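Take the two lone chains and join them into the complex the hints point to.
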Amino acid sequence: MKLLEVIADGIVDVRAHGGRTALQTIGVVLGVASVIATMGLTAGGRQQSLNYMAETGGVLKVMVYPRPPETVRGTARERSSRGLTLDDAEAIRASIPGFELVEPAMRTRSLLRSPRASKSYPVTAVAPGYAELHELRVARGRFLCDEDLTTRAAVVVLGADRAHEFFGSGDAVGQVLRIGDTAFRVVGVLERREFYWNRSETWNALGWMNELVLAPVTAMQARQAGAGSRRVDELGLRLASARDHKEGVAALSRLLLARHGVEDFQVFDRQENLRQMNEQGKIYDLTFLVCGIISLVVGGIVVANIMMASFAERVREVGVRKALGARGWHIFVQFLLESLVVTGFGGLAGLLLGVAFVHASAHLLQQQAVLTPSMAVAALACSASVGVVFGFFPALQAARLDPVVALRTEG
Amino acid sequence: MSASPLIRLQGVWKTYDTGEVQVDALRGIDLTIAHGEYVAIMGPSGSGKSTLMHILGCLDTPTRGSYLLDGEEVASLSSGRLAELRNQMIGFVFQTFNLLPRASVLRNVELPLLYGGVGRQERRARAREILDMVGLADRARHLPGQLSGGQRQRAAIARALVTRPRMLLADEPTGNLDQTTGAEVMDVFDALNGIGQTVIIVTHDAAVAAHARRVVRIVDGLVSEDRARAA
Numbered sequence: 158m159k160l161l162e163v164i165a166d167g168i169v170d171v172r173a174h175g176g177r178t179a180l181q182t183i184g185v186v187l188g189v190a191s192v193i194a195t196m197g198l199t200a201g202g203r204q205q206s207l208n209y210m211a212e213t214g215g216v217l218k219v220m221v222y223p224r225p226p227e228t229v230r231g232t233a234r235e236r237s238s239r240g241l242t243l244d245d246a247e248a249i250r251a252s253i254p255g256f257e258l259v260e261p262a263m264r265t266r267s268l269l270r271s272p273r274a275s276k277s278y279p280v281t282a283v284a285p286g287y288a289e290l291h292e293l294r295v296a297r298g299r300f301l302c303d304e305d306l307t308t309r310a311a312v313v314v315l316g317a318d319r320a321h322e323f324f325g326s327g328d329a330v331g332q333v334l335r336i337g338d339t340a341f342r343v344v345g346v347l348e349r350r351e352f353y354w355n356r357s358e359t360w361n362a363l364g365w366m367n368e369l370v371l372a373p374v375t376a377m378q379a380r381q382a383g384a385g386s387r388r389v390d391e392l393g394l395r396l397a398s399a400r401d402h403k404e405g406v407a408a409l410s411r412l413l414l415a416r417h418g419v420e421d422f423q424v425f426d427r428q429e430n431l432r433q434m435n436e437q438g439k440i441y442d443l444t445f446l447v448c449g450i451i452s453l454v455v456g457g458i459v460v461a462n463i464m465m466a467s468f469a470e471r472v473r474e475v476g477v478r479k480a481l482g483a484r485g486w487h488i489f490v491q492f493l494l495e496s497l498v499v500t501g502f503g504g505l506a507g508l509l510l511g512v513a514f515v516h517a518s519a520h521l522l523q524q525q526a527v528l529t530p531s532m533a534v535a536a537l538a539c540s541a542s543v544g545v546v547f548g549f550f551p552a553l554q555a556a557r558l559d560p561v562v563a564l565r566t567e568g
Numbered sequence: 003m004s005a006s007p008l009i010r011l012q013g014v015w016k017t018y019d020t021g022e023v024q025v026d027a028l029r030g031i032d033l034t035i036a037h038g039e040y041v042a043i044m045g046p047s048g049s050g051k052s053t054l055m056h057i058l059g060c061l062d063t064p065t066r067g068s069y070l071l072d073g074e075e076v077a078s079l080s081s082g083r084l085a086e087l088r089n090q091m092i093g094f095v096f097q098t099f100n101l102l103p104r105a106s107v108l109r110n111v112e113l114p115l116l117y118g119g120v121g122r123q124e125r126r127a128r129a130r131e132i133l134d135m136v137g138l139a140d141r142a143r144h145l146p147g148q149l150s151g152g153q154r155q156r157a158a159i160a161r162a163l164v165t166r167p168r169m170l171l172a173d174e175p176t177g178n179l180d181q182t183t184g185a186e187v188m189d190v191f192d193a194l195n196g197i198g199q200t201v202i203i204v205t206h207d208a209a210v211a212a213h214a215r216r217v218v219r220i221v222d223g224l225v226s227e228d229r230a231r232a233a
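If you're matching them up, the sequences are chains Z and U in order.
Here the working numbering is used: the first residue of the first sequence is 158, the next is one more, and so on.
Here the working numbering is used: the first residue of the second sequence is 3, the next is one more, and so on.
Isolated chain U (complex conformation) (with noise of 0.2 angstroms):
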């Protein structure tokens, strides 16, 4: 399915109803992302941001219009399906890091090959293979309490590798960083996309979408810029 693009979001609206009121989150989003791309998605809070973030990651389908995610469409799926897409598909990271604090870095980065269903061995391999390529290979043994916050975003990234996903999706990834541990993280961000993963990052941070390759602005629901930056 590689002919076909990773995303494709047609006429997207997402629609929330408080009981009152009715609050259109998206209001006909049409966005394209190919395989291999590097997207900043920003805009103010209240844009839609954070709910076209939910929906490119399947936590969340839309209330009208089509995603089709790698040529499969979402909308009409399954809770089952979609909780398959998001173990198989996508990588999440996000601002807060969300690393289980009472399992190992090893258990956090093995648990979504758990959920795939890999055997134990194998999984104990990859999560080692990963860690080692985030640089955490001496900390596998650690909580994530006994790391420090640019240790903890690479250990979620490296969770959110380890299924080796069509995109990683990472929500404002250096918001609870210094700039220093910011840059080192974004540094894996380019690194990865520099060997072809897909990274979409949805920020509101000029200097972190400056590393992306194209930046999509959302206001109000809608798409209102989507340009690339010269490389």
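In isolation and in its complexed conformation, chain Z is listed as follows (with noise of 0.2 angstroms):
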């Protein structure tokens, strides 16, 4: 006997009992769709996070910036750290091979004036992998570049909105922008970079790319007040691979420590953020996912118990069968097929609703929405194995049931 087609004989009943079908998959259809819907708003949420780092140079990023000094409790030795130097840079560089970028920033405030416009603004002194380390583009011109840097050339790179403030929408390459009292060179403008954390949001994550004003270290510690200084305000650095990691952060926190003596300083670890993330990101699933197999098992129950029933006004049916011939695998087979038949379909119509609600909660919310194939099969998978762990006990009952007690039954 084929057994695809004790298959199909089970459907034809299914198919026969519509109204009671669609009643006995509402705990299934529901419990596949928040299954769906939860895994994909917070897998949504994840990928922003992910789609910003992979927008500001990628998740190898780490960035090591002073602690402010009030926060650090006051001892001697800790209030005459000289925070984070040039030197700390060099030294990283020297020391510790995992990094592949090793970026000290500076940043002045200094009044810039064009023809246009006049007004006090932080500038920032860089090297040319500063670009490389954010994810800095270029619209127009270039960016600043070794020879800059060693001829101490007196040249500055603009974000897109600063440019805009001091030079209109002509284009600002080539035009002179006085930084304190020194003419600098406009040889580039960096591109508009726009980030949402959800569509009504108003705030541009990236709005500091559009406000930076960027100068060789070299030039702005030789034409600037102050010059000599050797204190950064930020220290960016890439690592080479997520390989090298833990043991390249965990050399840099050492080696600064040991050369300042005290932690003066806080490293802000892409890696670790993202591991926190995932783990986090783990808890939230895991909540979900017991939710979801709460509301998948109550469903089965109801399943179960409707099968129960179906099973009740069916005994005489069985018993028929069995005059007919059929074995009790036959009649196992039919029932439990049922009832796949009934949690596969209420699986696929909670993975449709559940994908609907996804969108709809992604619009209403102006979130992004992540759905995989994986959470679809995950979804289905969970809705047939409810069918087969609720159907069984049903069915092997119907397998065992004795054809004269069957067919003496009423109904």
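Derived from the structure by calculation, the hints contain no laboratory data.
Hints are not guaranteed to be accurate.
[Claimed, not checked] Partner residues are not named here, just some residues of chain U that face chain Z (Cβ under 7 angstroms, in silico):
#, residue
1, Asp62
2, Ser80
3, Gly82
4, Ala85
5, Arg88
6, Asn100
7, Leu113
8, Pro114
Everything numeric in this text was worked out from a predicted model, so none of it was measured.
Glycine residues also receive a C-beta, built at the ideal position from the N, C-alpha and C atoms.
Here it is, written out as structure tokens:
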């Protein structure tokens, strides 16, 4: 006897029970829908964080900032700390091989002047690697180059907003911007960048890139007041690979601590952030999964319940089938399959409902939604196993019916 | 095996253990039925004739005694082999027709072939052939609920015959039919027996039993009378 044909026989029976089947599946439908919806939304949030990281230099970026002195307990030694310096950067380059980029940046507020505007803004003194580290993109002209650094060239690269502010909509490249008393030639303008955490958000998370005023660190040191200071405001680093992450970051902290004697710096490690985010995500996922599974189990109990009812009213039918030569396993397969088809159908409906819900709520919350095929597979697998688990007992019971007793049953 | 009788019961007992009391439904039945016979089994309710029918139909096995069906001892068979025997050797016709209400007439008739492992093509062809024989060829796609009582019983007979069983075993086949349609159904049995089909009818209706050529009377779990009727 061909299994497929027994299966086909079972499906005919499910079809004949449309209304009840629909009712039967509601629990499974909602269970699957909630699993899909929660997975989709949490994955969406995580994806957005990854997107931001990708936009701003990737997950291998490590940032070190001086810790503001007031947050450091004020022992004499701590107060005497010089904070982060260019020498720290040199020491890292010299002794920790895991970092492929080490980019110190120094910020000084200066009066900027062009024929069009005159205003005081922070100017960031950097090296050419700064663009690569933060994934700055040049829209017109070029970025700072090594030659600028060695010749202490008085050149400047502007963020899109600054370029517009000082030079209007015309081309800023080639124009002169006075920084303090010195004339700097604009050699490049950065691409305008935008990133909003959700679609109703008005704060541009990449706005700082549009407000950059970047000059070669050598030129700034030579020309500005306070020249000779080796103190840096931030130290940006990039790991060569995620593999070096633990070791590299630990070595970095050790080195700085050894050099400074006190922990007057803070390390922001994206790999670590990512790990924490994933860890946190796992907790969310687990919570939602448990909720989803509970609703699936409840759905399964409903399925089992209705299977039992359907079984009770079909005892006689089982008797007839047995009289016609059906073996136990024929009946078992038929009943189990009915339950599987019902829950499979429920799973599919739940999948569609869940996807619709994710899209609707993503739209409502102005959040990104992420749905992957593996979620669909997981949802369907869940609902199918509910069908097997909760259909098993009624099916077994039906298979074991004594035909004489079954035929005597009214109904 | 046609040399041996189709059915040979020897000292068959059936005892139901209800927990408190043991009820002997059959108390040592001896009965032999040859191929091609047309037998009515009669008896008042509670006489044990239903139990006898269940045992003859391999739905149940004797507590004691021997049942040789076409030479094979049934008393000791597994439930799987019993299912196979029911499928291959026996065609059941029930008082209440027992057609599956949600399957078409054709599907109902095909069902025993499905359980017998017959391929789809052959199944369909044989089911249509047999429906044609009982005059329901044009009702194949109908649901049982769309048929009259007589048509339903003819569909049930078609289903019983489709595996070409050694015996047709009918339990009060006219019990739910009016006189006219009941007579029509009995005509079908008569015709089938006319072409060599073994027919066993369990009934309490003398008019039905009158169609058979042999009447076996069961009283209190024993054969009280076994006589051939004048043809």
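Outcome of the hint check:
1. About 5 angstroms separates the beta-carbon of Asp62 (chain U) from the nearest beta-carbon of chain Z, less than 7 angstroms, and the hint is met.
2. The interface hint given for Ser80 (chain U) is broken, as the beta carbon of that residue sits about 10 angstroms from the closest beta carbon of chain Z, more than 7 angstroms.
3. With a least beta-carbon distance of about 6 angstroms to chain Z, the hint placing Gly82 (chain U) at the interface is held under the 7 angstroms criterion.
4. At its closest, the beta carbon of Ala85 (chain U) sits 5 angstroms from a beta carbon of chain Z; the interface hint therefore holds under the 7 angstroms criterion.
5. Given hint, Arg88 (chain U) at the interface with chain Z, holds; its Cβ is 5 angstroms from that chain's nearest Cβ, closer than 7 angstroms.
6. Residue-level restraint check for Asn100 (chain U) holds (minimum Cβ-Cβ distance to chain Z is 4 angstroms; threshold 7 angstroms).
7. With 7 angstroms as the threshold, the beta carbon of Leu113 (chain U) comes within range of chain Z, its nearest partner Cβ sitting at about 6 angstroms, so the hint holds.
8. Among the interface hints, the one on Pro114 (chain U) holds; its C-beta lies about 5 angstroms from the nearest C-beta in chain Z, closer than the 7 angstroms criterion.
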